[in-house]
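Number of protein chains: 2
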Amino acid sequence: MVSGMDEQLREKRRMPAAFLRSLDLPEPSLSDNRSHERRIRETLASDLKLPVTEIFLPLQIARQLPGLIREHGYRVDLVFCRDRHGYIVSGVFPKGCSPGVFGLAVDLGSTSVVFYLVDLRARRVVETVSRHNPQASHGDDILDRIIFASRGNGLQLMQQETAGLFNEVMADLCGRAGIRQDDIYYCSVAGNTTMCHLLLGLDPWHICREPYLPVVNRFDLISPEEVGLEMNPLGRLYLFPNIGSYFGGDLISGIIASGLHRQEEISLLVDVGTNAEVILGNRDWLVACAGAAGPALEGGILSCGTRAQPGAIERVEIDPTTLDLSWQTIGEIPPVGLCGSGIIDLLAALFLAGLVDSTGKLVVERDPDRFRKIDDVWCYVVADESITGHGRPVYISQSDIKNLIRSKGAMYTILNVVVQSVGVQFSDIQNFYVAGAFGTYISPDKAITIGMLPDISIDRFKGLGNAAGEGAVNMLLDASKMDEANEICDRITYLEMNVRGDFMDQLTGALFLPHTDLSLFPSVAAKLKKLGRFSTP
Amino acid sequence: MVSGMDEQLREKRRMPAAFLRSLDLPEPSLSDNRSHERRIRETLASDLKLPVTEIFLPLQIARQLPGLIREHGYRVDLVFCRDRHGYIVSGVFPKGCSPGVFGLAVDLGSTSVVFYLVDLRARRVVETVSRHNPQASHGDDILDRIIFASRGNGLQLMQQETAGLFNEVMADLCGRAGIRQDDIYYCSVAGNTTMCHLLLGLDPWHICREPYLPVVNRFDLISPEEVGLEMNPLGRLYLFPNIGSYFGGDLISGIIASGLHRQEEISLLVDVGTNAEVILGNRDWLVACAGAAGPALEGGILSCGTRAQPGAIERVEIDPTTLDLSWQTIGEIPPVGLCGSGIIDLLAALFLAGLVDSTGKLVVERDPDRFRKIDDVWCYVVADESITGHGRPVYISQSDIKNLIRSKGAMYTILNVVVQSVGVQFSDIQNFYVAGAFGTYISPDKAITIGMLPDISIDRFKGLGNAAGEGAVNMLLDASKMDEANEICDRITYLEMNVRGDFMDQLTGALFLPHTDLSLFPSVAAKLKKLGRFSTP
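Heads up: the protein sequence lines correspond to chains A and B, in order.
Using the numbering used here, read the first sequence as starting at 1 and increasing by one per residue.
Using the numbering used here, read the second sequence as starting at 1001 and increasing by one per residue.
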């Protein structure tokens, strides 16, 4: 049974980052001639059960009080924002005027930026929009942008472009929702370390140079004007903290979204990309690491790789017996390339069909019609030029496969090193969260087939969707997540993958399909055996 | 014996409001790749023995770190300012660059504004300047200014004029001291409630209307830009708190300067002016009140009253037997009027010489040559037109004397009511502090003679000089005074003089020279007896 008191306490803890409070202030008299400030602060402090010193009443608000009270009396609505210590009064209105109290959660990715407009009174997301990161015009790669930032006014330019995107999207979202930009009191941003630095105009120079130093690990709450954000000027901007150059706030936000740091059972969260970021743990301990997996898994550098967009082949199947090929594109339009999930499907299918051997070599003689030499390299053609959207073939080349195997091998090795570092087994992991757009679309059994993910029960894999964005929304709805984020940073033991010898030792075995040690992948071994192609490399 | 630890602790408590700290940050490595922010915050927190959350590193400072560290390495000088909670890093420099760290203390009077430039590293006042309050052009009287503020952009105008004066004086003082305005990190202001409101642009409308409400009692620390102050933009502006419309921050600052709130013995502090503000107490209890004494004591409304300026008669003596008159002017130039101390001297001398009787009536027949009818009213001429600076006589009229007696009577009655309210006697008061310029120049024995101050031993009277300014300087040198100021506000019991019946009951007896009950003024009775003019009214 939950008592009223418990309910109240829980409610208080879950207070959104900005919230409205209606106050009936006691009327003043000669025996109670406290100032407006004191009357508000003391009434609130007793209401919110806070010391008066935890309530910050900025000058701009104090300036509005005499006129407001003279016209409307002592019944007021106040908007509070969570501040560094306690709360700041960010808005004051006549009672019942009911202004909107909104927040903007942002997943600040280096390619796409996803915005969520959150109604903090109704406690729900009301609008969502995704945009390209405008910094991409200065380089797709993060390293290129760091170099761009170091030249002339490059940093300032990218800062302004990024803030400009925020402002443009806020104007758009506010128009759609029928609210004013001043009704947005809080902005919560989950981004990797470089993205956060660029948004704030912090020079990322040391991020990519040994020993890889961010300027800031834990961002203090920021006033919108310091960054040029056109939201309520007395609101606050929150960025999730990072624990290093390669383990950013997007991951901390993802951990918050998964809740793994509060669970008794052991979970693993992996964000698959050029860098593979991994967090393993439970409510008692947390281990993290990030390591380069190479860009192949995102489709970036492959001959026909593409982002997950209309026309991207996202699913591929090959009948292991007939070798019949089938595929499916996003939007069901003619294909233009292969996105991440399609690539993993394809490699798994090629391997099970015997069209690629365990060393990653294409077996051209097994289906000569499907193979073609392009630029003097053997390729498996998924869709020929007659049926594609751009009139060029969509294929995977021998060197693409080599790249893919290096990436998936690095990925698996990173996971293995992390798991071994704390003396647990893959089988001890109850929840295996895969974050990112990738996590939503990847087929775990295909990823297991190529030896990228460990061979554990399929039902333990959980796509987290946009975990970073979800964590940012969660923070707006429950500001105690800020404390949780700091606690997570305090608790994490970070393994520097680049300086670990065991990584290189273990990598070699992982550069096969699925692995030199097939006993690590019993389900794959079973499939191969069933197909009559059980072979040791 | 004082141990090193005690000394250290005391030192820490006495930290100035802004101070410099040199840090040798640990060099980063792969095994210590904390961000610049973390490195600074953690080094400092351990250095200052503070939690890391008490150190606020604003974005503007974080933006400077990468360039600074790249060029000058990990040895830095940081300037800290006391903030709402903990400290804000307001400046960062290469080590040994030794920037100046200055503060500006301001006694914001309604007539004069006194500025003190304080070197916070050397811990001393380096420059002082006094200026007229520019608001005076909108009215000498505070009430006039409150009315002016309520019209059109009157409030905004006075805010800008006041801040403008601050900026003009800062430019002047910095020029003289050879420093930059950015070297001023803290500004501490002691002013009455209305002055503080006008400086901040807070509408004083409710201050002068029952039930007399300020907008703010306790000002949060303010960023210079919010008020338009041209000092270091990451510095802070502090205003002493008030406990009501008629008991302002100037008095709280004065209490701090006197130290009476920390003494075991009972002290009384009075600020003599149009309003008499009184504080009585010791380290265990504090009682305060403010009451209207009328403007006569400041010389304001008297026929020949003037501010304490060159040409003002500040000392007057009349030989009680020969009736010979002598006086002294400020600057020893021809007289132009009578300032506060001169007026009190004059009334006391006239009374002892029998030229004014105990009811306040001029005794014209006793020295007919000195008396003259001006505007149909009898006047005692202190200096005739042939010797004054402006070619008009300097005199005191019968109606001036009536005004003076009303003011001095109100003053005495206020003191009496306060003392009685806590059940002590005037004789229990060990230190009787008289604040304001008035307090420095007034002769306590003359003030006793006219029954304005109680008849206690002369050596217990202590002129405090500019107590408000001194308190503001003290605060810059020892920021723990901010906490003391708040504690004082919490501890004070405020007596609302306007609503007390005993005030009016007691006032009647005090409207005589020195009082109807001569036993309250034994030293005056003795003087009169000696002069052979002992008389009961």
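Hints were generated in silico from the structure; no laboratory data involved.
Do not rely on the hints blindly, as some may be mistaken.
On the chain B side, residues computed to face chain A include the following (Cβ under 10 Å) [what the hints assert, rightly or not]:
1) P1028
2) R1041
3) T1043
4) V1052
5) P1204
6) Y1212
7) I1222
Every value quoted in this text rests on a predicted model; they were computed, and no experiment measured them.
For every residue, glycine included, the Cβ atom is placed at its ideal position computed from N, Cα and C.
Status of the hints after comparison with the structure:
no.	hint	in the structure
1	P1028	holds (5 Å)
2	R1041	holds (8 Å)
3	T1043	violated (14 Å)
4	V1052	holds (8 Å)
5	P1204	holds (8 Å)
6	Y1212	holds (5 Å)
7	I1222	holds (6 Å)
Against the hints set out earlier in the document, a violation occurs for number 3 only.
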